[in-house]
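Hey, can you work out the whole structure from these sequences and the hints?
Protein chains in written order, with our numbering: chain Y, 1 to 606; chain D, 1 to 587.
The hints are simulated quantities; they were obtained by calculation from the structure and are not laboratory data.
Simulated pairs of lysine to aspartate or glutamate, EDC-like, Cα-Cα distance not exceeding 16 Å:
1) Y:96 to D:241
2) D:501 to Y:57
3) Y:311 to Y:351
4) Y:94 to D:241
5) Y:96 to D:492
6) Y:153 to D:509
7) Y:436 to Y:415
As the structure is a computational prediction, the values presented were derived from the model and not from experiment.
Residue-level listing of the chains:
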Amino acid sequence: MDDHSPRADAPAPTGRVYETPPTERPITDAEAARAANLAANEHIKIASGYLRGTLADGLLKHATGAISEDDGQLVKFHGMYLQDDRDIRAERTKKKLDKAYSFMIRLRIAGGVVTPKQWLILDDIARTYAGNALRATTRQTFQYHGVIKSNLKRTMAAIDAALLDTIAACGDVNRNVMAATNPAQVGAHREALKLAKDISDSLLPKTSAWREIWLDGERVVGGEDAAEIEPIYGRTYLPRKFKTVVAVPPSNEVDIFAHDLGFIAILDKKNKLTGWNVTVGGGMGMTHGETDTFPRTADVMCFVKPEDALKAAEAVMTVQRDWGNRKNRKNARLKYTIERYGLAAFRAEVEKRVGKKLADPKPFTFTGNGDRYGWVEGEDGRHHLTLYVPSGRIKDVEGGPQFLSGFRRIAEVHEGDFRLTGNQNVIIANVPAAKKAEIDALVAEYGLTNGAGALRRNALACVALPTCGLALAESERYLPDLVSELEESLASHGLQDEDITIRSTGCPNGCARPFISEIGLVGRGPERYHLYLGAAFDGSRLSKLYREDVQASEIRGILDPLFADFAKNRQPGEHFGDFVIRAGHVAKTTNGPDFHARTGALKPAA
Amino acid sequence: MSRLALLPRTAPFADSERASLDAVLGAATPIQRAWLAGFLAGLDAAGGQPAAVPAAPPKAAEPLTILFASESGNSEKLAGDVGKLARKQGFKPKVVDFADLDLATLPKAGKIVAIAATWGEGEPPARAVRAYGELMGDAAPRIDGVEFAVLALGDTSYAEFCAIGKALDARFEALGGKRAASRADLDLDFEKPAADWIKATLKALAPAPADNVVAVDFARAGTEDEDAEPSREPHVVEVVEHVNLNSSRSDKETIHLALAFEDGAPAYEPGDSLEIYPENDPQLVDEILRSAGLEGDEALRKALIAERDITTLSAATIERFVKATGHEEARKLVESGEARAWIEGRQLIDLIETYPAKLTGEHLSAITRPLPPRAYSIASSRKEVGDEVHLTIAAVRYETHGRARSGVTSVHVADRIRDGAKLRVRLKPNRHFRLPQDPATDIIMVGPGTGVAPFRAFVQERRATEASGRSWLFFGDRQFTHDFLYQLEWQEALEDGSLTKIDVAFSRDQPEKIYVQDRITQHAAEVVSWLDGGAHLYVCGDAKNMARDVRAAVVKAYETVKGLSPADAEAQVATLERGHRYQQDVY
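Right, here's the structure in full:
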């Protein structure tokens with residue numbers, strides 16, 4: 001249980017020399033952008049006519065399932081990624097077939113709350129266009145995989161019919177806003193959800209391109225005046241992706257330290273909201289072999305009153321819009337902006353844009369970043385059931401749990417709502433006491449489960465192969481097997497009930513936030529991973545590279561002696577991530593800039 | 001009346017010779033002149049003396065109309081054979097495609113030989129539909145006194161064996177015609193009996209004794225356009241590419257086959273087909289031998305694998321089986337009249353297993369027919385692939401009556417042929433599926449599934465010849481991702497301009513089925529605009545549904561785009577067909 005009042009381990013600002021922040025607005029002229037040597041994506045955004053590009057034409061090119069490279073960048077702003085099935089890539093050319101292209105479509109569901117009616121529509125879409133699977137993501141929304149180009153418009157129309165959209169679910173914009181789900185804290189959840197929705201709506205791109213391209217909407221005729229078309233973003237949107245979350249202590253389920261912008265609810269003794277601590281500059285992504293790229297945990301910057309929260313969100317985002325690096329995309333996220341110009345200068349600029357001095361952060365405590373499985377009763381007497389969904393894959397498993405069919409049946413009788421968690425699980429929320437038995441019966445009938453072994457329920461994996469174009473190694477298809485191996489090892493040391501976070505990603509971009517889990521695996525090549533240890537259990541401290549390029553088959557052998565040591569020499573209540581540092585196995589990471597320092601095992605494990 | 005001086009002064013003859021020639025030629029009928037021209041040409045081409053020399057000026061030869069209704073080209077080929085032989089025997093033959101038949105000419109035809117194929121479940125070949133319909137209709141003219149003979153082609157594996165030939169035979173008689181020779185109904189192994197029938201029939205139709213017949217045999221130098229026709233000799237070819245074009249996630253299997261002709265590929269044209277001589281599945285042969293109690297007869301096994309059709313089951317097969325074995329139960333089946341229904345979905349193995357009997361090799365030979373070759377539309381142009389022929393073959397597999405069945409040739413190719421294997425093949429030309437003469441003419445190609453094969457040849461040809469006409473392909477199959485045959489090649493063709501447009505219809509990618517005909521309807525205005533601009537439209541693939549539905553969609557397109565009545569729209573399409581601008585290669 002780490003106390004953050006305010007961060008005791010924050011790096012001392014002395015000795016750092018920061019650059020002077022820019023005063024110009026971002027370049028929006030094609031000539032000037034070339035002269036300034038801006039990153040390729042900046043040119044694409046400038047030329048796109050507010051995210052249109054040639055997407056409409058590309059949909060009519062029937063011989064290919066792909067779209068043009070530039071459109072491939074733009075379509076992200078519409079919530080989609082062009083992908084191909086890498087499992088069957090090798091055979092395609094010989095068969096005179098193009099790559100097996102399809103699209104990943106990600107929804108915008110602020111706070112991850114959907115009604116049963118929406119669930120049923122989303123289920124229909126999954127069955128009709130997306131290979132009978134709905135996927136709950138690590139950022140509290142749904143995504144579909146495998147939607148082919150000829151079905152994109154139909155799928156988008158169906159999503160629209162569910163009163164949902166996919167705008168800004170990916171791309172250089174404020175993406176889906178996450179919010180704490182804890183159903184026990186009814187009032188705080190309501191506030192967190194409202195803030196998440198308000199931020200999501202107010203920071204949404206205003207271009208009509210989405211409606212035009214996907215729903216055959218009318219092209220809104222008007223001037224090219226950016227102030228009218230995109231009052232907040234302008235022609236070039238943000239330098240890089242921007243992720244926002246809202247947390248309610250003591251749960252850090254949204255992993256606030258891994259996000260660009262965060263709000264931590266500060267509640268009074270009666271659990272009433274008094275305001276929000278604002279966090280800035282967290283982020284996971286880095287590039288292998290480039291030490292000027294690194295993950296970073298967010299700084300807790302200030303405290304805002306409820307009425308100033310939205311303004312503060314917009315200010316943080318627009319400062320990043322103007323200060324962020326547009327020449328080098330690997331150095332463009334807010335975390336680098338803050339490292340470059342310093343938190344003090346950043347805070348001053350935010351205060352300037354909010355129009356007032358902001359207070360220092362208030363004390364708060366997080367106890368972990370996992371979910372509470374099973375039934376809980378809320379303050380209002382409603383009941384909430386958190387179900388465990390391995391890797392968020394809502395599908396019918398042959399000979400196993402029937403997630404897709406089970407949730408559908410529940411949606412048909414459920415009167416409350418559904419909440420997705422940042423850990424890819426599903427909460428059946430707001431169930432009246434009288435209805436609990438019916439839900440329980442369906443859960444049993446379809447083999448759904450409200451838990452798993454301690455390690456498994458704290459596991460998180462990104463999608464990786466076969467659909468993700470960035471993956472270097474397996475992730476979601478591999479982690480369950482590794483967890484089984486490690487569970488045996490843990491049990492042999494009497495640690496079977498120990499909560500330890502373990503996460504894997506197929507590449508270092510960090511979708512499953514591997515650098516803030518106690519055991520982190522990051523893909524390097526087929527069956528090859530970097531192994532990271534020493535993060536804080538609650539996600540507030542980064543890990544450290546412990547072993548480079550380990551074979552999948554070696555991982556259990558490497559961790560087993562550490563588990564043995566932990567079982568024998570841990571202090572009461574001590575978490576595994578803290579233990580490996582105290583016991584001298586691995587160096588502690590203070591924050592991003594020292595992430596790549598003193599890597600490796602500090603001593604033999606046994 | 002002054003004689004016309006036909007020969008110019010520059011002609012290489014003495015003045016007296018010119019005058020003599022003018023005297024003869026000026027008085028000659030066009031037929032006599034044409035005959036002479038052919039005679040002289042043939043004489044020179046043969047480089048020798050004709051086998052017979054006219055003793056006297058020829059009498060006008062007896063006209064003979066040879067009608068054919070052809071789908072695969074067999075009837076047409078036979079009609080050509082009749083023509084050749086008839087000419088030798090002193091007829092003045094005229095070979096007429098049903099597609100071009102003007103019914104009004106029939107009453108004056110004098111003598112008619114009709115050769116008709118039956119297609120699918122007792123339907124006329126697609127090109128013959130119009131004229132056949134008219135002939136069967138109330139408005140058909142009387143042909144009193146016209147002598148006729150009908151040769152019917154069919155396939156005993158279909159219920160309505162030779163139905164069209166039978167109907168024509170009856171109809172000619174009903175219209176007042178006089179049957180000169182009785183009809184023959186021939187199965188896939190028609191070549192020998194057809195030749196016999198033709199000889200006998202021409203004899204029956206022959207005019208007065210042959211002392212005034214000029215029989216001229218120019219050896220190779222025929223008078224028809226077969227000079228230009230490439231050799232139909234079987235070749236043994238090597239498989240140089242064998243790849244399943246469908247993805248490993250597909251439930252379909254379509255083999256792309258590249259065949260190399262060591263001795264040079266026959267001079268095929270885009271639109272032609274290639275026949276493959278298949279072998280039977282050895283496992284099925286073994287099952288038949290086991291059921292017949294003939295295991296261990298290696299010679300018989302070999303013969304059954306390579307030479308006999310051991311899958312087709314027809315009423316005739318059962319009758320022959322009963323005759324050979326005297327099997328009582330089987331006889332009851334025949335006598336009950338239910339044999340035809342029982343055949344549905346069954347094969348020879350089912351017969352032998354259901355009615356076990358001790359059989360001999362001779363029995364099996366008597367029961368079965370020779371194993372016919374199977375024709376596939378050629379998917380390549382010689383201008384692009386040289387001495388290769390490419391084919392696109394869908395493996396046919398299905399289950400009936402609890403037994404897995406497979407197409408003889410397609411599964412032979414899919415399962416038992418690999419790179420480096422040898423196949424025996426024979427070219428089968430198809431003059432009715434040809435690119436426009438003018439390379440500037442636009443083409444619309446409708447070819448779902450393996451129907452796309454000839455269009456790969458068309459696009460290759462038009463690329464190689466740098467044809468300036470536009471081209472538009474309608475392709476369809478089940479799934480875009482897994483069944484898009486030759487996807488990369490179409491992308492290249494679009495890139496280099498040899499293909500102008502492509503529209504696709506994948507039936508299983510969305511809840512409702514979408515087929516090529518739906519795409520035609522969707523783009524009706526543009527399709528009609530291309531056709532108005534002179535485009536040719538080609539359809540290749542499934543005859544049963546697709547070709548019919550595509551045609552209906554084109555008719556409908558004329559209706560909706562031009563506001564025509566259904567009858568007028570139908571007439572527009574019929575006009576296209578008569579002008580050979582709407583061509584089909586369906587199977």
